[in-house]
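Need the complex rebuilt from these two chains, each delivered in its own frame; the hints are there to steer you.
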Amino acid sequence: MAGKRKLSERPGGGSSDVQWCFSQVKGAMDDDVAEADIISTVEFNHTGELLATGDKGGRVVIFQQEPESKNQPQCRGEYNVYSTFQSHEPEFDYLKSLEIEEKINKIRWLPQKNAAQFLLSTNDKTIKLWKISERDKRPEGYNLKEEDGRYRDPNSVTTLRVPVLRPMDLMVEASPRRVFANAHTYHINSISVNSDHETYLSADDLRINLWHLEITDRSFNIVDIKPANMEELTEVITAAEFHPDQCNTFVYSSSKGTIRLCDMRASALCDQHAKMFEEPEDPNNRSFFSEIISSISDVKFSHSGRYMMTRDYLSVKIWDLNMETRPVETYQVHEYLRSKLCSLYENDCIFDKFECCWNGNDSVVMTGSYNNFFRMFDRDYRQDVTFEASRENSKPRSVLKPRKISTGGKRKKDEISVDSLDFNKKILHTAWHPLDNIIAVATTNNLYIFQDKLN
Amino acid sequence: MLTASRQPVGSPSHREQTSMQTHCCPTLTGCAFDAQNLISISLRKIQSSRTQRGGIKLHKNLLVTYVLRNARQFYMSKNSLQTQRTPPYEDAAAVHRRQEYIELTGSFTELADDFYCNFTGTESDTWHCGAHQSSAQPSELAHQDASACAMASPSDSELMVSEACWSCTDKSSWELPILNAQANQKTVLDLDTHVVTTVTNGYFHSDCCAQPKQPQAGAQCYTRKRKMDTSYYIVDPEFYLPDFVPCKRMRSEDDDDDNDDDGDDLQSDSGQLDSANISNLISVLGSGGLSEFVSWQQMDLEQIFGTQTICLKHTLLAGSGWTRAIEAF
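Top to bottom, those sequences are chains A and B. The numbers in the numbering used here rise by one with no breaks, and the one at position 204 of the first sequence is 204. The numbers in the numbering used here rise by one with no breaks, and the one at position 208 of the second sequence is 208.
No lab work stands behind these hints: they were computed from the structure. For each residue, glycine too, the CB sits at the ideal point set by N, CA and C. Don't take every hint at face value.
Claimed, not checked - Pairs of lysine to any residue residues, derived as SDA-like cross-links and limited to a Cα-Cα distance of at most 25 angstroms, are as follows:
| # | chain 1 | residue 1 | chain 2 | residue 2 |
| --- | --- | --- | --- | --- |
| 1 | A | 425 | B | 52 |
| 2 | A | 401 | B | 48 |
| 3 | A | 353 | B | 51 |
| 4 | A | 131 | A | 47 |
| 5 | A | 425 | B | 78 |
| 6 | A | 353 | B | 49 |
| 7 | A | 96 | B | 44 |
| 8 | A | 353 | A | 261 |
| 9 | B | 78 | A | 96 |
| 10 | A | 96 | B | 50 |
| 11 | A | 96 | B | 51 |
| 12 | A | 353 | B | 80 |
| 13 | B | 78 | A | 282 |
| 14 | A | 96 | B | 34 |
| 15 | A | 256 | B | 34 |
| 16 | A | 425 | B | 49 |
| 17 | B | 78 | A | 284 |
| 18 | A | 425 | A | 393 |
| 19 | A | 256 | B | 48 |
| 20 | A | 128 | A | 177 |
| 21 | A | 353 | B | 50 |
What the hints assert, rightly or not - If you only want the chain A side, here are some residues facing chain B, beta carbon under 10 angstroms, derived:
| # | residue |
| --- | --- |
| 22 | 93 |
| 23 | 292 |
| 24 | 348 |
One chain only, chain B, in its complex shape (with noise of 0.2 angstroms):
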């Protein structure tokens, strides 16, 4: 169970004690296991500074999200080497579908080594993952993971840092063109039906509810009754973290943007997304850093989705109520 105490300036926590040990590697050629761990930590920094007394340091979570996006990146290079290795999937469709998934490969467990963000920027129209719509390559996926994605600006909260800090386009050696992924096996939640599901070959089983019985082999399945928290819609004063979104608004010009009401801004531009393709599917991140997140028993849905993920996006389907969809990266 997270819980965010608060620490004297000055004194880290009891259990970050303060003798250096190396167990990271702090170059770009670390281990897989560094960036895994730093995906974590970071996850669990910025959960944390949501109830840290004066509000949300802006400045902070800006530098935590760039170290997210550099493990993020470091680890889907790691994946394209794997992924290249798998068998190419015989339903092109399927592989599209998939697109918009978020996916984990492996079991269960073995979601904890890696998790990405696997969509083409043409199918992110209505993800609106930022600058990198125009983008419809599958090559460059790593590209559209460096973009923002979308979150609604309620009121003055429009201090997505998470994700705004995606949309750097600072390009660096380490941005690596990602193919689709091409996974044997993923694990992916939906938010609205509670099922849990195993994707298999790019065919996506959705029949697949939370039972122990339907994940293939080595996969395991979870459920989670999602709790419909209203609060959602009460946004941090200023800084929003993308714990949830209701809705993605484009800025336009405003002058008073310090004193914009929270509900101007449940509006959607992104209806265009269809029920299909909204099964806006929730991986769970099982990493072993972020098992801790994964206690489904303990943390209400929302929480866990705010550690888990770096944006939401918030689709509002017509007369269909609210699908959510977590992106991670």
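Pulled out of the complex, with its shape left as it was, chain A reads as follows (with noise of 0.2 angstroms):
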């Protein structure tokens, strides 16, 4: 694409030149949200060029970028609808009397390697493989079929001719070329697609399986923490994901806050992990819900393949992968919430599920919070910003203005007092683009759409 800007052109690239300015904003501006337009998933493209979102109603939202204006050629081109699509509908398991929610889980893009596009979707048991592809021309002239489509009586037709393609209106097609279907018993919480770009791994909150993006009807299990007695059962899966380079490694988190790689070469199963990361509790800080807020909800490989991303419900923390003892860098997001835990767990923020994303160049990473706040943290500068996205704060190209949250004492000018912080209003889904200071944020029901100012 033209005028995309490589982060590395960027003196760090990260959040301490940068300023971010309101870009786009998509989705209904109703206070009063219908639960399927709730947003469940975000994801760009590997070339950033695609915005897919994913909803609770199952369905999934396709954005494209527009390209440069030759008019304007120090803008980037805006997303706007590219493909909109129905890719779970609700199910229900007759055998075991249970619903199963359409509700988009992940997305994952795969590597393009034609004109179409694929990505994979999944809600809690089914996986499907889409295909998206362009058509922008039509055959007409048929011998047999009138133009607009009626069969032509065959006797009646005396000559015959060859028909031709001509250009029509651009008209984009989703297809599901893959069900993934049958192969879990519980909720599936992830997707990964392997370096190899042949297969993929789905996990669920026991089993981790692998699949070959061609066949649907097998997959094997590489990971199974199911005990022979459930009564033993003391963690679950909760997020796993594939090295970025290493077709043989990945990695998945627990709700005991570990992280575990597994290498495949070792065994088909790989229950034995070959590294464990965990870090031990301050036991200063026990509390009755130190296992809710040490349940990791995301985990992301760093896009050189060295460092991995946590997200518990307070931090976010980064792993190097040659350490299994600590994290290198850890990131407070909203400490003045450990105080609130017992609220948070009778209106069940607590359980709520962060994820968290780098940017391209991994010198930045980024979470969300509640208010419809999200943070930054740049690991160069060691300095993190907080943002919020608002509709009163969605003036084009409008720089953000960072915010800030009174822990206690007195409350500054434009703070903003824990006690009055939104908890219904929650950034759950972030999204960077791979190659340029572009970030999608996705609120409820909206999809907040940031990108630098460029000068």
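Here it is as structure tokens:
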């Protein structure tokens, strides 16, 4: 794409020299949010040209970045709707008397091999491979069919002609090419495409399966933590991801705050981890909710493959794959909530699963919080900043103003007190453009797109 | 009456306002009321999760049971301080009998303050409270409580998270050795006979029925007709919560646990329990925070147990039908 600026061309590439501006907001402006419209996942493709969102209604909406305008070469193209389709429908398991939600839990793009785009989308039980292709020509001049599609009487055909392709309005088609079903008993929480571009993994609460993209009727179980006696269950799998370069390596996180790195070359069943990353709990912070807040909600490898990032309820941690004993960096997302855990437990907010993401050159990490706040942590400059995604701050190209939370004492001007935070407004899903300083932040039912200010 | 209303994601109930008020101590040193409140809330969450769309969330319920465990341990540590002041039992046999019972001290209204599981490891063979069968010392009661309570695992529904959590053997400074509670008064309910009984000083007054005159001063008797609900045998598809467990089946190696049939699980490995031990009493958990669970008039007994208890053990007595007991923790 013309006009793409690589992060390496910008000094730091992080938040130290970046001014973030509002770019776009997608979604309804109604305050009354329909449950089906709640965004459940956000994902850029490998070039950043396409941005996919999934929602609780089982729909996938893909936005495409417009090419940069020749009149305004310094402005990035906007993201407009490219394709919308219903990925999953609600189902009912009659055998188990269980309703299967259509909510899209994860979307993962496949690397592009031809003109078409492919992505994997999953709900709690079924993964689907979708092909998104463009059609801008259509055949005309059939002998046996009229132009409107009606069949002609063969007896009326007196001459033959060769159909020709003529241009048509661009049409984007989304078609399911594969359906990977009936392999998960528990709720799928993660999918991850392997660097070999042939396989991918899917993880539920207790098992991880390895699939081949071409084979739908079988999968290999590579991790199984289900105990023989379910009474001995102490933890579940919360997230899993393949290494970005090593096709034999993947990690999975647990509800106990541990991350296990597994090597598929070691054995067919990777129950024995190659490495386990765990930080001892601070006994001073022990509480009724210690287990909950230590549960890892997301794990992401850095683009380099040397680090991985985990998100638990209150913090983001950066781990060096070469050191298992403790993270190399820890960033507190909203430590002021530690004293509110009881209330957060009562209203279920403590169970929110926040995601996290890296920027293109792994210098900045981002995650969401409450009150439609999202946080960026610059690893190089050791700076952090809080922004808010709101309609009030949505003037075109308006610079985002950092927000401050007053944690005690006298509240300064423009600070927000903890007690006035809106815990109904939460940012669970964020995504960072792989090559540029463009971020997509999902509030409950709106998708905000911000980008750095171009001079 | 408990109702499970489906809340939109990201929208806590109206009652659970977004403004945070620190009415609860998040640390271990928090007050007993907070632990009690947490237990109430946790049980409510478990109950409501059973009717959530999409099935029960294993992860969330596992975390809830951790909170329950932590709160319960705090309660037990508190109770150990209280009960140490009470006079010892005169009848060791009575003490032994009581060890299978869930006990609550004080009057019914006072029952709101605490509840705990009070049986030793030796007796727990039949209860099969998980890993602590070998632990026969009363002083290790706390550890017993941390172990899983027995539950059947019908079909693939062995996601018995609640009791599974109790098998966490992670030791923490919270696990204090708890002596057998020596309460003055305990109000218990026999599921089989529907008799509410007050136990005083270790003596089990089995003739106490649900009449106001029987209970000791301060205690209240309740009667509740138990509905024979065969729906017990209809198991949650994947995730079986301890509302009812026909029997406990030891897990053996299996490859198709995903396709297990419910009917295969109607076996018991707990037939050793004799009828005397099973007056498998159910203590009415009248905690202030749990009082909503004890609306006998409105709620089916099954629902009450489901909300009150963490694990439910079902013991099949030879020729004597089903007897059920509830162990809270």
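Outcome of the hint check:
Note on residue 425/A and residue 52/B: the hinted pairing holds, with a Cα-Cα distance of about 22 angstroms set against a maximum of 25 angstroms. A threshold of 25 angstroms between alpha carbons decides the hint, and for residue 401/A with residue 48/B the separation of about 41 angstroms lies outside it, so the pair is violated. About 21 angstroms separates the Cα atoms of residue 353/A and residue 51/B, which keeps this hinted pair within 25 angstroms; it holds. Taken as a hint, the residue 131/A and residue 47/A pair is honoured in the structure, with Cα atoms around 17 angstroms apart against an allowance of 25 angstroms.
A hinted pair counts as satisfied when its Cα atoms are at most 25 angstroms apart, and residue 425/A with residue 78/B does not qualify at roughly 38 angstroms. Straight-line distance between C-alpha atoms of residue 353/A and residue 49/B comes to about 17 angstroms, which keeps the hinted pair within the 25 angstroms bound. Distance hint between residue 96/A and residue 44/B is fulfilled; the C-alpha atoms sit about 23 angstroms from each other, no more than 25 angstroms. With a C-alpha separation of about 21 angstroms, the suggested pairing of residue 353/A with residue 261/A holds against the 25 angstroms cut-off.
For a cut-off of 25 angstroms, the pair hint linking residue 78/B to residue 96/A is broken: about 42 angstroms separates their Cα positions. For a cut-off of 25 angstroms, the pair hint linking residue 96/A to residue 50/B stands: about 13 angstroms separates their Cα positions. Note on residue 96/A and residue 51/B: the hinted pairing holds, with a Cα-Cα distance of about 14 angstroms set against a maximum of 25 angstroms. About 37 angstroms separates the Cα atoms of residue 353/A and residue 80/B, which puts this hinted pair outside 25 angstroms; it is violated.
Taking the CA atoms of residue 78/B and residue 282/A, the gap is near 24 angstroms; set against the 25 angstroms cutoff, the hint holds. For the given pair, residue 96/A sits about 37 angstroms from residue 34/B by alpha-carbon distance, which is inconsistent with the 25 angstroms threshold. The straight-line distance between the Cα atoms of residue 256/A and residue 34/B is roughly 24 angstroms, inside the 25 angstroms bound, and the hint therefore holds. Proximity of residue 425/A to residue 49/B is assessed by CA-CA distance (about 22 angstroms); at most 25 angstroms being required, the pair is judged to hold.
Among the hinted pairs, residue 78/B with residue 284/A is consistent with the structure: their alpha-carbon atoms are about 20 angstroms apart, no more than 25 angstroms. Distance check on the hinted pair: residue 425/A and residue 393/A sit about 15 angstroms apart at the alpha-carbon level, within 25 angstroms; holds. A distance of roughly 24 angstroms separates the Cα atoms of residue 256/A and residue 48/B; the hinted pair therefore holds under the 25 angstroms criterion. A threshold of 25 angstroms between alpha carbons decides the hint, and for residue 128/A with residue 177/A the separation of about 8 angstroms falls inside it, so the pair holds.
Distance hint between residue 353/A and residue 50/B is fulfilled; the C-alpha atoms sit about 20 angstroms from each other, no more than 25 angstroms. The beta carbon of residue 93/A is positioned within 10 angstroms of a beta carbon in chain B (closest approach about 6 angstroms), and the interface hint is therefore held. This hint holds: residue 292/A has a C-beta 5 angstroms from the nearest C-beta of chain B, less than the 10 angstroms allowed. Interface hint at residue 348/A: satisfied, since its Cβ lies 6 angstroms from the closest Cβ of chain B, which is below the 10 angstroms cut-off.
In this structure, the hints that do not hold are numbers 2, 5, 9, 12, 14, in rising order.
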